[in-house]
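All chains, please: the whole structure from these sequences, using the hints.
Protein chains: 2
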Amino acid sequence: MRNLLASIVLISIAAIANSQSRPNYVQYVNPLIGTRKMGHTYPGATVPFGSVQLSPDTDEEPFLIGGKYNKETYRYCAGYQFDDPTIVGFSHTHFSGTGHSDLGDILIMPTQGVLQLEPGSADDPKSGFRSAFSHGNERAEADYYRVKLEDDDILAEMTATTRVGFHRYTFNRTGPRHIVLDLKHGIYDYDGKNVRTFVRVENDRTITGFRETTGWARTRTVYFALQFSKPFESYGYKDFDPSPYRGFWRKFDQSKNFPEMIGKQVRAYFDFDSGNKDPIEVKVALSPVSTAGALANIKSEAPGWDFEAIKRAGQKAWNDELGKIDAKIDDPNEMVNFYTAMYHAFLSPTVYMDADGQYKGLDQNNHRAAGFTNYTTFSLWDTYRALHPFFNIVQPRRNRDMIRSMIGHYDQSVHKMLPVWSHYANENWCMIGYHSVSVVSDAIVSGNLTGPEANKALDAMAQTARTKYYDGLGDYMRIGYVPVENNGSSVSKTLEYAYDDYAIAQAAKKLGRKDVADEFAKRAGNWRNVFDPSTGFMRPKSADGKFLAEFDPMKTEGQGFIEGNSWNYSLYVPHDPAAMIKMMGGKSKFAAHLDELFNMHLPDEFFAETEDITREGIIGGYVHGNEPSHHVAYLYNWTDAPWKTQERVRMILKHQYKAAPDGLGGNDDCGQMSAWYLFTALGFYPVAPGSGEYQLGSPAVSSAVIRLENGRTLRIEAVNQSDKNVYVDRVELNGKRVGRTFITYPEIAGGGTLKFFMSSAVDGRQ
Amino acid sequence: MRNLLASIVLISIAAIANSQSRPNYVQYVNPLIGTRKMGHTYPGATVPFGSVQLSPDTDEEPFLIGGKYNKETYRYCAGYQFDDPTIVGFSHTHFSGTGHSDLGDILIMPTQGVLQLEPGSADDPKSGFRSAFSHGNERAEADYYRVKLEDDDILAEMTATTRVGFHRYTFNRTGPRHIVLDLKHGIYDYDGKNVRTFVRVENDRTITGFRETTGWARTRTVYFALQFSKPFESYGYKDFDPSPYRGFWRKFDQSKNFPEMIGKQVRAYFDFDSGNKDPIEVKVALSPVSTAGALANIKSEAPGWDFEAIKRAGQKAWNDELGKIDAKIDDPNEMVNFYTAMYHAFLSPTVYMDADGQYKGLDQNNHRAAGFTNYTTFSLWDTYRALHPFFNIVQPRRNRDMIRSMIGHYDQSVHKMLPVWSHYANENWCMIGYHSVSVVSDAIVSGNLTGPEANKALDAMAQTARTKYYDGLGDYMRIGYVPVENNGSSVSKTLEYAYDDYAIAQAAKKLGRKDVADEFAKRAGNWRNVFDPSTGFMRPKSADGKFLAEFDPMKTEGQGFIEGNSWNYSLYVPHDPAAMIKMMGGKSKFAAHLDELFNMHLPDEFFAETEDITREGIIGGYVHGNEPSHHVAYLYNWTDAPWKTQERVRMILKHQYKAAPDGLGGNDDCGQMSAWYLFTALGFYPVAPGSGEYQLGSPAVSSAVIRLENGRTLRIEAVNQSDKNVYVDRVELNGKRVGRTFITYPEIAGGGTLKFFMSSAVDGRQ
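Top line first, the protein sequences correspond to chains H and Z.
Mapping the first sequence onto our numbering, position 705 (from 1) lands on 705, and the numbers just tick up by one.
Mapping the second sequence onto our numbering, position 679 (from 1) lands on 679, and the numbers just tick up by one.
Be aware that a few hints might be false.
Because identical chains share one entry, a pair is satisfied inside a single copy or across any pair of copies.
[Claimed, not checked] Mimicking DSS-like on lysine-lysine, the simulated pairs with C-alpha atoms at most 30 Å apart in a straight line are: (1) K256 - K68; (2) K68 - K238; (3) K299 - K456; (4) K251 - K555; (5) K546 - K238; (6) K256 - K546; (7) K230 - K468; (8) K416 - K238; (9) K736 - K587; (10) K416 - K230; (11) K509 - K148; (12) K546 - K251; (13) K416 - K514; (14) K546 - K37; (15) K71 - K251; (16) K68 - K230; (17) K256 - K416; (18) K256 - K299; (19) K468 - K238; (20) K587 - K37.
In short, the hints are calculated from the structure, not lab data.
This is the structure:
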């Protein structure tokens with residue numbers, strides 16, 4: 001299946017290559033990768049970092065049923081599951097790869113025949129407006145998606161600009177035609193999630209409105225403006241949760257051809273001339289602040305009706321972004337993996353402002369981004385590890401604007417905290433730590449954020465890390481760790497806070513702010529406070545200094561960890577592996593310990609209880625499908641067996657990334673999983689962002705040219721590259737042997753050639 | 001009781017008189033008038049046309065119980081009922097005199113002792129944060145309200161600027177002190193009315209937030225900023241309708257001292273040092289657009305903490321407004337009635353924009369009022385009759401800004417309609433007709449709205465009146481009346497549309513727009529289409545031209561009328577009473593018919609079924625307590641017995657307006673009932689706004705000087721005025737006998753002296 005799919009993509013986009021002078025990277029992108037099982041990616045149309053992610057949703061599993069969590073909803077974090085037989089419609093906002101969700105705003109669905117305002121069931125799609133589809137009639141490219149809706153034989157195509165989704169529906173039958181505009185629909189929906197929906201029919205082809213939701217983001221509003229390519233003849237709506245008030249307050253009939261529709265769960269429909277089979281095109285712009293802003297966004301980005309031109313521009317934008325690395329890999333499937341990883345890495349954070357710079361701030365007031373692009377969707381517990389470090393190399397300008405957006409968040413935050421996990425002017429507090437500081441530190445240490453801006457950012461980092469009421473932080477500051485009795489995931493928090501504190505100290509050192517550096521360098525050692533020498537694991541501890549009696553390093557639940565057991569989390573001292581290894585008994589004992597992790601069997605009972613981890617994402621007891629262990633394979637570099645790092649990372653690349661819909665072993669997590677791939681495939685990885693160091697592994701590319709924004713290029717060459725030659729004899733930078741297991745940011749930014757000499761046997765050291 | 005209360009007011013405000021050079025009119029204002037039974041006024045603090053109406057709410061009757069209308073809620077349209085024994089708290093927005101309701105935003109309540117977050121019951125106020133109070137410990141003045149909260153012996157005082165409510169709470173006991181900030185509370189509340197509430201604790205004395213509601217206004221948001229005069233020590237909240245999502249999504253404890261509170265029904269509390277008895281002062285600013293706007297409004301209007309200065313400025317503003325008419329009436333109770341009527345007339349429409357001019361428009365986008373003050377709360381079915389015509393004489397500049405606000409509404413309306421009944425950026429569609437056109441017409445005909453602005457306004461009027469899908473208007477345009485089978489209240493609508501069309505025609509005539517004048521002059525005759533010569537009444541008619549068979553002119557329900565029966569509504573041809581009288585059998589038959597109306601007995605069965613009408617507001621079968629008949633007493637002027645108008649109006653003044661809490665015979669309806677009083681007490685009344693004519697009645701003042709904005713004054717004198725001398729022998733304007741039953745707008749605006757020669761017997765004609 002995977003070879004087949006890769007070929008389809010290669011053939012289908014071949015046409016584009018000819019029209020472009022630059023190599024065609026877009027041909028290698030397969031947006032379907034990760035859409036089966038737990039990748040949680042979406043196949044729809046979007047431009048790099050676009051505000052609009054226009055994508056099919058295949059089902060509508062409620063997040064809560066009778067107030068209880070519905071486990072089925074987890075599969076629908078991105079709205080689409082490859083194995084589903086039907087499509088409910090096309091909505092405009094999707095997270096890529098998250099393990100919890102929201103969005104799915106402004107669903108559009110074309111239908112013919114008798115009007116249906118319920119989606120119907122997947123078993124019997126004709127019972128509602130949803131339609132059967134098959135992958136044989138589906139194509140997904142960067143910024144282009146098409147599918148045949150089989151129920152009514154309608155060809156649905158879509159593309160997008162940053163803020164505008166562009167739909168084209170081609171009808172092959174005659175008969176009454178309808179476009180359903182569903183504001184009830186959402187991802188991770190539940191009774192009470194929609195707090196208000198609003199539709200205005202401005203004229204016979206223009207609609208505006210908004211959808212206000214609660215849920216993960218508690219005060220989210222998505223404003224939209226919609227234009228049809230031709231006038232509709234009639235329209236109407238139904239509120240699927242009508243206000244009891246409106247039951248009392250009867251006025252003249254407002255359900256049909258009345259241009260204002262307000263309710264909690266509005267589904268509107270628009271009827272078009274049935275004698276005609278011309279395509280109906282629809283443009284939907286989003287805005288964070290107003291319907292006026294959304295209308296202006298259409299004017300600014302997609303004033304006309306040239307679908308092909310929008311698609312061409314979108315694919316050119318993708319090619320420019322993907323072209324920041326010119327990679328060569330013999331295996332065409334790996335080319336697909338590489339550029340699809342880049343594609344996934346460049347989906348979020350997403351632009352969050354109108355064309356004129358207005359956006360909604362965390363304080364719920366409107367702001368204007370002055371001199372930068374404002375972004376949202378910061379899945380920082382995931383993305384601080386490799387995605388932002390990848391940006392810091394390949395997209396430093398954009399990464400700086402992301403940091404500026406984070407500083408805006410800080411300024412507007414009543415807590416005076418940088419984001420934890422934020423989206424759409426909301427802090428959702430997801431996961432743990434304050435990993436914004438890692439992202440900012442990495443930019444400061446590498447010299448990409450400087451001057452007063454860097455100093456202000458440092459203040460924000462320090463202030464964030466001193467928020468005593470945040471999630472055990474007061475205790476941590478007082479006694480040096482998060483005590484188990486007051487807080488779940490106490491050990492995970494202690495370990496991650498300690499790394500974050502290191503990151504702050506690194507930035508402070510770079511900026512010559514000794515007081516801050518000292519304060520946080522001291523805190524960075526707090527990981528020692530939860531290490532239990534008697535077991536050799538990190539272990540929950542109570543405020544009185546006693547370790548939790550009942551302890552099993554295989555278990556996660558009730559053990560002071562989150563999304564990982566002690567076996568994995570105990571290795572989380574990215575900023576001082578040497579000290580950790582020493583504490584754990586020295587290099588060789590530690591290497592054996594790591595071997596045990598990769599080779600052990602994690603029983604189902606422990607695995608099943610651990611949130612956000614699936615069997616596919618596990619190698620032995622090592623969990624690649626979730627983030628806490630993403631640095632672990634590189635820890636052999638601190639032992640006498642760096643070759644084990646080389647071997648492991650190549651093995652992980654093979655096992656966890658496939659050019660197939662089920663190609664991702666776990667949630668892509670807004671690009672973190674993909675960024676791991678990219679770094680690793682290029683031959684190095686940022687174990688401790690903010691250190692300025694990148695641990696050398698084993699490149700999977702034959703060669704790659706990173707086109708740096710400073711005008712230089714870094715060429716990576718893997719001499720004697722092959723699937724078997726996974727070991728690195730030696731590494732040379734610009735002809736000079738690299739006498740250590742890492743390279744530095746200045747070395748990368750300096751450009752030149754980084755040469756890996758590959759071998760099939762462990763017969764040398766780099 | 002009423003004399004006693006009048007005296008209290010007179011004595012209590014005596015002090016103010018001395019400090020002002022102008023006569024003290026504020027002393028005559030008694031905001032408690034209308035707070036008992038059905039006046040639906042509120043006693044709290046507000047400045048003229050102020051955005052903030054800071055007033056006690058005495059109970060919280062839900063609007064719907066189990067989805068059914070709760071009749072008890074009707075008493076609480078303004079939040080306060082005089083006979084209630086307890087106060088729940090002080091909220092910042094109140095309609096004055098409406099018969100349906102909304103608002104009651106941002107309730108504040110001081111308490112001591114154990115914290116209580118439920119209001120408790122009126123029977124046992126100590127069961128919650130509400131408190132017992134008594135009228136002996138209560139004082140209501142223009143822009144000042146005080147009451148002793150007996151449960152905890154707290155003196156509550158309040159005053160306001162346009163956008164800021166200023167509270168002062170004086171504690172007489174020691175012990176834990178709390179301020180409850182209740183965003184759950186509302187007027188006409190029901191399950192589902194609050195869609196979101198939001199509180200941010202900006203620092204230890206500043207709070208911001210908003211309350212989003214549905215209900216009468218379907219997309220209303222009130223933003224606020226609150227400042228305490230001293231820091232609180234701790235705080236917290238409870239969401240009384242917690243999201244099921246939050247039950248799933250457990251994070252660290254955010255219920256106490258966590259500065260962000262989001263939910264559907266948030267009640268927050270703030271704890272103050274208990275050792276101290278210093279007053280706690282609170283300022284609460286409102287904004288239509290943002291918390292940033294609310295904070296700026298505090299800065300702009302009430303930056304300091306001088307309660308007395310704010311109160312002085314507010315009362316001076318009132319005295320300036322009230323001083324626009326210097327009235328003399330011997331009976332001190334009538335002086336209270338007169339100036340309280342002016343007070344009530346000057347409460348709404350209310351200013352609806354930030355200090356910088358920003359406001360939320362009907363399109364839900366933010367706008368900036370350029371060169372005018374934006375208003376909201378247009379209860380036009382009521383206020384077009386006498387309130388706006390009163391403004392057009394006494395407040396033409398402000399009335400013009402109200403019209404500009406209505407034009408803004410039109411511009412932002414997706415229907416391209418002027419407001420029907422609008423408040424807070426919402427059209428609530430209350431009642432019938434499109435009476436904005438009457439208000440605009442009156443201003444155009446009188447020369448107060450001119451040039452391109454007037455022409456644009458005329459376009460808006462005509463466009464409004466051509467909205468076919470609006471409430472039977474398509475049928476009306478097609479066949480000349482609203483047919484009974486498709487529409488409730490068909491006769492009322494036909495009659496009111498016909499008058500409105502007359503108003504449009506008048507404005508068009510004035511502006512020389514013959515086509516529009518002709519179109520609407522023709523439509524203005526449509527009242528004839530529902531007159532049934534066989535009964536002599538207006539009568540429901542079906543589309544095929546047949547009158548409804550079962551017809552009882554005493555009944556309202558199912559009879560094609562709204563808030564009035566055919567006996568009252570049949571007289572509604574204000575723009576052509578002569579033609580109507582002729583149709584009804586001529587002058588003397590008509591006079592007898594009117595006599596019968598005033599003398600008949602309306603059986604309870606008919607009265608009980610008629611919404612918005614109470615026994616107190618009825619004289620015979622004539623309903624003064626609601627609007628449709630407000631012009632009726634003046635119709636004798638078209639017969640040979642104008643003396644009956646004189647007699648009736650004086651009788652109505654006596655019976656329907658009393659200087660007592662139950663002094664209003666019906667809802668004051670945003671000042672319409674009071675405006676009727678004012679016109680009538682001055683001796684003339686606008687039977688048909690837009691005609692430029694004012695029917696002469698019988699003045700109740702001894703004299704009055706209207707200080708016109710054009711710099712002139714109109715002096716009204718009633719020679720030989722007394723309670724018995726209600727008949728008018730003759731009327732002289734500037735010494736010249738007025739040889740007709742009316743005066744004109746140019747005569748009023750021209751100034752001079754209008755002299756009524758009063759008599760106890762009908763021995764002359766004017």
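Here's how the hints hold up against the structure:
1. For the homomeric pair K256 and K68, the shortest alpha-carbon distance between copies (26 Å) is at most 30 Å, but the shortest distance inside one copy (36 Å) is not.
2. For the identical chains of this complex, K68 and K238 are neighbours both inside a copy (27 Å) and across copies (21 Å), given an alpha-carbon limit of 30 Å.
3. When the C-alpha separation of K299 and K456 is checked against a cutoff of 30 Å, the pair qualifies only between copies, where the shortest distance is 27 Å, while the shortest distance within a copy is 36 Å.
4. Proximity of K251 and K555 under a CA criterion of 30 Å is satisfied inter-copy only: 21 Å between copies versus 61 Å inside one chain copy.
5. In this assembly of identical chains, the alpha carbons of K546 and K238 never lie at most 30 Å apart, being 60 Å within a copy and 35 Å across copies at closest.
6. Taking the shortest alpha-carbon separations for K256 and K546, only the inter-copy value of 29 Å comes in at or below 30 Å, while the best intra-copy value is 69 Å.
7. Proximity of K230 to K468 under the C-alpha cut-off of 30 Å is restricted to the inter-copy arrangement: shortest distance 23 Å between copies versus 57 Å within a copy.
8. When the C-alpha separation of K416 and K238 is checked against a cutoff of 30 Å, the pair qualifies only between copies, where the shortest distance is 23 Å, while the shortest distance within a copy is 43 Å.
9. In the homo-oligomer, the alpha carbons of K736 and K587 lie at most 30 Å apart inside one protomer (28 Å), although the nearest pairing across protomers, at 116 Å, exceeds that limit.
10. Taking the closest pair of Cα atoms, K416 and K230 come within 30 Å of each other only across two copies (22 Å); inside a single copy the shortest separation is 49 Å, beyond that limit.
11. In the homo-oligomer, the alpha carbons of K509 and K148 never lie at most 30 Å apart, since the shortest distance is 58 Å inside one protomer and 61 Å across protomers.
12. Taking the closest pair of Cα atoms, K546 and K251 come within 30 Å of each other only across two copies (25 Å); inside a single copy the shortest separation is 69 Å, beyond that limit.
13. Taking the closest pair of Cα atoms, K416 and K514 come within 30 Å of each other only inside a single copy of the chain (22 Å); across copies the shortest separation is 64 Å, beyond that limit.
14. In this assembly of identical chains, K546 and K37 lie within 30 Å of each other by CA distance neither inside one copy nor across copies; the values are 42 Å within and 69 Å between.
15. Taking CA atoms no more than 30 Å apart as the test, K71 paired with K251 passes between copies only; the shortest distance there is 19 Å, against 42 Å inside one copy.
16. For the identical chains of this complex, K68 and K230 are neighbours neither inside a copy (44 Å) nor across copies (43 Å), given an alpha-carbon limit of 30 Å.
17. In the homo-oligomer, the alpha carbons of K256 and K416 lie at most 30 Å apart only across protomers (17 Å), although the nearest pairing inside one protomer, at 48 Å, exceeds that limit.
18. For the identical chains of this complex, K256 and K299 are intra-copy neighbours only, at 29 Å inside a copy versus 47 Å across copies, given an alpha-carbon limit of 30 Å.
19. Proximity of K468 to K238 under the C-alpha cut-off of 30 Å is restricted to the inter-copy arrangement: shortest distance 22 Å between copies versus 48 Å within a copy.
20. In this homomeric assembly, K587 and K37 never come within 30 Å of each other (Cα to Cα): the closest approach is 38 Å inside a single copy and 87 Å across copies.
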